[in-house]
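So you can see what is in the structure, the chains are spelled out below.
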Amino acid sequence: MRLLIDHRTVYRYERPAAGIVQILKLTPRSCDSQSVLAWRIDVSVEGVLKPFTDAHGNLAHVFYADGAVSELVLHVSGEVITTDTTGIVSGTPEPLPKAIYLRTTPLTEADAAIRTLAESCRDPDPVAEAHRLMLAVHERVAFDPDVTHPSTDAATAFRLGRGVCQDLAQILIAAARHLGRPARYVSGHYAPPDHPEQEAAHAWAELALPGLGWVAFDPTHGVCAGEAHVRVAVGLDSADAAPIRGARRGGGAETLQVSVHGRAVASDPPGVPPSVPSAEATQ
Amino acid sequence: MAGAFDEMLGSSPYADRLDPAAVRPVYQAVARWLASASPELLATRRRQAELFFRRIGITFAVYGDPDATERLIPFDIIPRVISAEEWALLEEGLTQRVEALNAFCADVYGPRECLRAGVVPEDLVLRNPQLCWHQLGFRPAGGVWTHVTGIDLVRTDPATWMVLEDNARTPSGVSYMLENREVMLRLAPELVSEELRDGGIRPVETYTDMLLATLKSVAPPGARGEPVVALLTPGLHNSAYYEHSFLADRMGIELVEGSDLFVHDDVLFMRTTAGPQRVDVLYRRVDDAFLDPLVFRPDSLLGVPGLLRAVHAGNLTVANAIGTGIADDKAIYSYMPGIIRFFTGREPILANVPTWRCREPEALAEVLDRMPELVVKQVDGSGGYGMLVGPQATAEELDRFRQRLKAEPHRFIAQPTLALSTCPTLVDSGIAPRHVDLRPFVLMGAHGITIVPGGLTRVALKEGSFVVNSSQGGGTKDTWVMGPGGT
Amino acid sequence: MLSRNAANLYWLGRYVERADYLCRLLEATIRLAALPASHGGADGAWESAIRSAAVADRFAASGRRFTEADVGHFLALDPTHPGSIRSCLEMARTNARSLRTALTLETWQAINTAWLELQRFGTEETDPLTLMRLLDTVKQALLAFDGAAHRNQLREATYWFMRLGTSLERADNTARLLDHKYHILLPRTERVGGSLDYFQWTTMLRVVSANTAYRWVYRDSVKPWLVADLLILKPQMPRSLIACYEDIVFYLDRLARERGRPGPANRLALAGLQRLQATSIDELFQEGLHEFLLRFIAQNNALGDAIAEQYLF
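Protein chains in written order, with the numbering used here: chain A, 13 to 295; chain B, 588 to 1074; chain C, 5 to 317.
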C-alpha cells in the first residue's frame, strides 16, 4: 500500500526562546515491510540539522537553532510503500543485543497487576503467548485520549484501565518483559485505507519471539502491524523513542500544535511524483 | 575487633608507654614523636588543624541531616605510614585492577567478549541499571573510560590488602588527601623532618598536575590546538563543592555549572565574557543521569542539552566516560577476580573480599542463615546507606533485612565482617587503635596509568566501629608513603 | 572568564554599594529627623528617606508608616524586603561565596564578616541606638571590603567587573537622591542662608559624604545649585555622576583591552561621559533638572543592560 505522511509540529513561545536543541526521531528506515520512497524534514528557522544513528539504529537528527525564536515549525512529509508481513520485522539494523530490551524503565515497570495479567497469558508456545498478551491488553484497557498524559507509566495506565496507544504499548511491553520476552516500543504512523485523513501518530510494540525475530503487535487495534503501519523509531519506552525531545533557554510558556496526517493512496506506477497532501487542517 | 592487625604495634596491646621494641619499623619515627609529645600538645595541634580546615572552608553536607548542612570531617593528626615495599605491591595491584576495570568497560560497550566467554552473566550486565545503553558501540578518545578511579582498600594482616569497593564514576576525597598533607606539614614539621632522615615522605601535591595531564591526553579527535579542559560541578550546594573548586583552582581550569555550557553544532561551549569558548574535555563531577536532559533525566538542570551528541560526534571527551558505573557496580564486584584474569591474563594481585551473591539461591540460603556475622549491602546503595552490619544489628534490624532479602534477593550481596587493620588515633582518652581503610586515586590517560603515592585514609572514630564513611562519623588521616631506602 | 562569574562579581559590586548607600541614607535621616518638623525633620524625614531609596511603592504596599521604627526596619533589617541592607549583604555574600577562588581570602572574609556581624542584629525592629550601631558596623565592614579589594585584588577582569557594578550602582543612587529633592535645588531669587531647605541640602551632602568636600571645592556657604553642580558635574567628587562615569569608562576600557575589542557598552558609557563633560550647570537648569535626571537614570539602566548583553550575563 502506498502511504503519504504529513506531520507538522508548531511550537510557539511567549517570548523568544534561545538555545533550542532538539533530538528528532522522525525518519523511517526502509525494511522488509516498508520502503521509504521520499522523506524530508523542514524546519522553519535558521539552524543546523544533523543526521545521526542512535543506539537502537534509528535514523535521528539533532537540530540546533541559531538565534532566539518565538515560533518553530517542524514539517515532516514523505511517502512509503508498505507490505503486510504479518507483523514480522526483518531487514532492520539491530546494533543492540536483544537482552537490552529486557531492561525495565520507569515507564515500563510491571507492578503486581501487570505481572498477574502477564502470568495469566503464559503459554508454552511463544507466538500464542504473545497474541494472548496483546489481546488481553486490548480487552482490558480502553482507548481514551483524556485520562493519561505523555509521562504516565504503564502501571498507572493499567490501573486506570484506560489510555492511548502509548499506554497500551507500554503495558504490553511491561507484561512481555515480565515473561522474559524482549520487548520494545515503536513510534510510527497508522493510516488505514478505510479512514483516510485521520490523525495518524501511533505507537505499538515489538516482541522478540524465538525463530521469528521481532514481531510487531498493535494492542490498540488488537492486531499485528500490517500495511497501514509505518514504523519510524524504536526504543525501550515512549521517552526513548520520542519523536521530538527538546530543550531551550527562556521563552516562557509554550504552546504546542501537532497535526499528523496519513493517507493511503492507490499505488501509482513508480516514477510518478507523490502528491503531497494539504496539511492546513490543524486543530 | 580483637585480633585486628595494628599497623603500628602489630598484635601488641596499646599501653600508657609505647614499647619501642614492639613498634613496627615503618612507625618508629611516629612512635618517637608520640612518646615525646605531651597530650596537651597533641590536643592543641588537633584544635589548630580544625581551625585550619574551617578557615579554608573544607566542609561537607550530610544528606538527611538538616541541622548540620555544613560539617567538618574530623581530622586525626597521627599520620598513617605505608612503607616503600608495601606501596610497591599496592601500586602494582592498583594498576592491574584499573587496567581490568577499563578493559571491562571497553569490552562491555564494544565486542562483549567477556559476556560470550561467560566471565560475567550476560543479563547481569545488559539488564544492569548502571549500563548506559546509549554508549553501546561507542569508543572514547584513547580508549580510556575510567580516567579517575578511587579504589577502597582494607588491610587484614601485614601481607594482605583487599579491595572493598571500586569507585569508577566520580570518586571524591582527593582534596582531603592534599589538604591533610598541607596541615601535617604545618602542624608537625618536627615529625616530617625526622622522617626525612629515613628516606622521606613521597609528595602528593603533584596530583593536580597529573590529573590535568591525564585529561589533556584524552582530548577528542575534534579538538584543535591546546585542549580546553573544564570541571563540571552540580553547584554550591553539592557536598563535594569544595573539592570541585579546589581542583579547578589548582589545575587553573574553569569551574562550570550546566548553565554555563551549551552545545551548538555538536560542539560544547562555555559562556565567557569573551564570547563562547569551546570546551574539549569535561571533567564532570555530575552523575550520568543528569548530564544530558535530551537523553537522560529530562528534568535535570545540572547538565547540558546535546552533550551526548558532542561526545558521539568526537568533539568532546567526558571524564569519566558515561556508563563506567557498570564497572564499579556492587553486583559486578564479585566477578572482578575473573574479570582481571580474563583481561590481564594474570592472577589478581589485590584480593577481593569473599562475596555471596544473593541472586544465587544457595548463596541466599547461606546468607539468611549466617546474617548476624555478615555485612549485607544493597547493590545500588552507597555511602554506607542501605547496609547491614550483622554483628552490630539488633534482632529487629536483622529481621527487617531478612524480609528485604527474600523479597528482592538480586539487590543484595553479603560479605564476612573483616578484621580491618587499626592505626594509632588520637581520641579523648589518649592514643588508641581505630579501624581504617584506604582510598588511593588512580589516573588513566592515553599514555597509561599514574598513581600518586598516597591516598585518603578514613578512620572509624568510634571504638570498635568499622564504618569509616564521613557521613557516618568517620574521620581522615594523612597517609604517608615512604620513599625507597626508608624504613 | 565565565560569564556567570563576571555577573556575580558585577552584582557583588552593586549590592555592596547599595548597602553602603542605605547606611549613609539612614544615618543622615536619623540626624534630620531630630530637627523640628518645620525644618523638614520629624516624620517627614522618614518619608523622604523612603523616596530617596526609591522604594516608595513597595513600602506603601507593606502597610507601614513613615516612622523611624518602621522605616528603619524596612531599610535595614527586613529579610522580606529585597532592598534592605540585610538582603543586599546576603546577596553580596552569596555572590562572593560562589566566587571564592576568584576573590582573595581577605576580600572574602570582609564580606563574610559583614554578613555575620549583621546577623547578630537579628531581623526584628531595633531601638535608634542599636540602629546607629548597626549602621556603623556595616559601614566599617564595607570599608574593610573595599580596602581588601583595593589592596589585594589583581587588577584584572575580576576586579574590573566588581568595580563596574559599584560605579553603575553609585551613579544610580546619586541620581535618584538628587531627583527626589530636585525642587529644592532650583536656583531662586530669594535670599539663601536662613532657608528652611538648608537642612535638606546638608542632609543630602551627608548622605553622599560630601559635607566637608563641598567646603573644600567651593569655599562657600551651602547653595542649592552648587550642591547639584557638586553631585553631578564635579569629577573630584567620587559620588558625582561624572566621576562615576569616568570610572565606568575606565573599567570598561580595561575589560575591552582583555577581551580584545570594545562593544556597545563601551560606546554607550563614553557617550554618557561626554554628555556630562559638555554640560554646564546653567544649561542643565535651563533644560530642567528633573528631566535631565530622569533621562540619566534611564540611560544608566540601558548601560546596565548593554553590559549584561555584551558579557553574556
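Treat the hints as calculated values from the structure; they're not laboratory data.
What you are looking at is a predicted structure, and each value in this text was computed from that prediction instead of being measured.
All C-beta atoms in this analysis are idealised placements derived from N, C-alpha and C, irrespective of residue type, glycine included.
Keep in mind that the hints are not guaranteed to be accurate.
Pair ranges (Cβ atoms, derived) [to be verified]:
#  : chain 1 : residue 1 : chain 2 : residue 2 : range
1  : A       : ALA125    : B       : LEU823    : 15 to 23 angstroms
2  : B       : LEU823    : A       : LEU268    : 30 to 38 angstroms
3  : C       : ASP309    : B       : GLY901    : 37 to 45 angstroms
4  : B       : ARG991    : A       : THR65     : 54 to 62 angstroms
5  : C       : PRO266    : B       : GLU769    : 58 to 66 angstroms
6  : B       : GLY901    : C       : PHE254    : 58 to 66 angstroms
7  : B       : ASP852    : C       : ARG137    : 53 to 61 angstroms
8  : B       : HIS1034   : A       : LEU172    : 56 to 64 angstroms
9  : B       : GLU769    : C       : ARG69     : 29 to 37 angstroms
10 : A       : ILE256    : C       : LEU158    : 42 to 50 angstroms
11 : A       : LEU268    : B       : GLY901    : 32 to 40 angstroms
12 : B       : ASP886    : C       : ASP61     : 34 to 42 angstroms
13 : C       : ARG124    : B       : ASP967    : 32 to 40 angstroms
14 : C       : ASP309    : A       : LEU268    : 28 to 36 angstroms
Pairs of lysine to any residue, SDA-like flavour, derived with a Cα cap of 20 angstroms [claimed, not checked]:
#  : chain 1 : residue 1 : chain 2 : residue 2
15 : C       : LYS227    : C       : PHE254
16 : A       : LYS62     : B       : PRO808
17 : A       : LYS110    : B       : PRO1003
18 : B       : LYS917    : B       : ARG991
19 : A       : LYS110    : B       : ALA1006
20 : A       : LYS110    : B       : ASP710
21 : B       : LYS1049   : B       : LEU992
Against the structure, the hints:
Our hint of 15 to 23 angstroms for ALA125/A and LEU823/B is violated, since their Cβ atoms are close to 44 angstroms apart. Evaluation of the 30 to 38 angstroms hint for LEU823/B and LEU268/A yields a pass: the beta carbon distance comes to about 34 angstroms. The hinted window of 37 to 45 angstroms between ASP309/C and GLY901/B holds, with their beta carbons roughly 39 angstroms apart. Judged by the Cβ atoms, the range 54 to 62 angstroms given for ARG991/B and THR65/A is violated: they are separated by roughly 42 angstroms.
Between PRO266/C and GLU769/B the beta carbons are some 43 angstroms apart, a value that contradicts the proposed interval 58 to 66 angstroms. Look at GLY901/B against PHE254/C: about 45 angstroms separates their beta carbons, and that is not inside 58 to 66 angstroms. Distance hint check for ASP852/B and ARG137/C: the Cβ-Cβ separation is about 59 angstroms, which falls inside the suggested range of 53 to 61 angstroms. One distance hint, 56 to 64 angstroms for the beta-carbon pair HIS1034/B and LEU172/A, holds here, with the actual separation near 58 angstroms.
Between GLU769/B and ARG69/C the beta carbon distance is about 56 angstroms. The supplied range of 29 to 37 angstroms is therefore violated. Under the hint 42 to 50 angstroms, the C-beta atoms of ILE256/A and LEU158/C, about 47 angstroms apart, fit the expected range. Distance hint check for LEU268/A and GLY901/B: the Cβ-Cβ separation is about 33 angstroms, which falls inside the suggested range of 32 to 40 angstroms. Under the hint 34 to 42 angstroms, the C-beta atoms of ASP886/B and ASP61/C, about 36 angstroms apart, fit the expected range.
Take ARG124/C and ASP967/B: their Cβ atoms lie about 46 angstroms apart, and the range 32 to 40 angstroms is violated. Between ASP309/C and LEU268/A, the C-beta spacing of about 31 angstroms keeps the proposed range 28 to 36 angstroms intact. Restraint check: the Cα-Cα separation between LYS227/C and PHE254/C comes to about 31 angstroms, which exceeds 20 angstroms; the hinted pair is violated. Distance check on the hinted pair: LYS62/A and PRO808/B sit about 19 angstroms apart at the alpha-carbon level, within 20 angstroms; holds.
This hinted pair does not check out: LYS110/A and PRO1003/B have alpha carbons roughly 37 angstroms apart, beyond 20 angstroms. Between LYS917/B and ARG991/B the CA atoms are separated by roughly 17 angstroms; this keeps the pair inside 20 angstroms, and the hint holds. A C-alpha spacing of about 44 angstroms is found between LYS110/A and ALA1006/B, which places the hinted pair above 20 angstroms, so the restraint is violated. Annotation: proposed proximity of LYS110/A to ASP710/B holds, straight-line Cα distance about 10 angstroms (limit 20 angstroms).
Taken as a hint, the LYS1049/B and LEU992/B pair is broken in the structure, with Cα atoms around 28 angstroms apart against an allowance of 20 angstroms.
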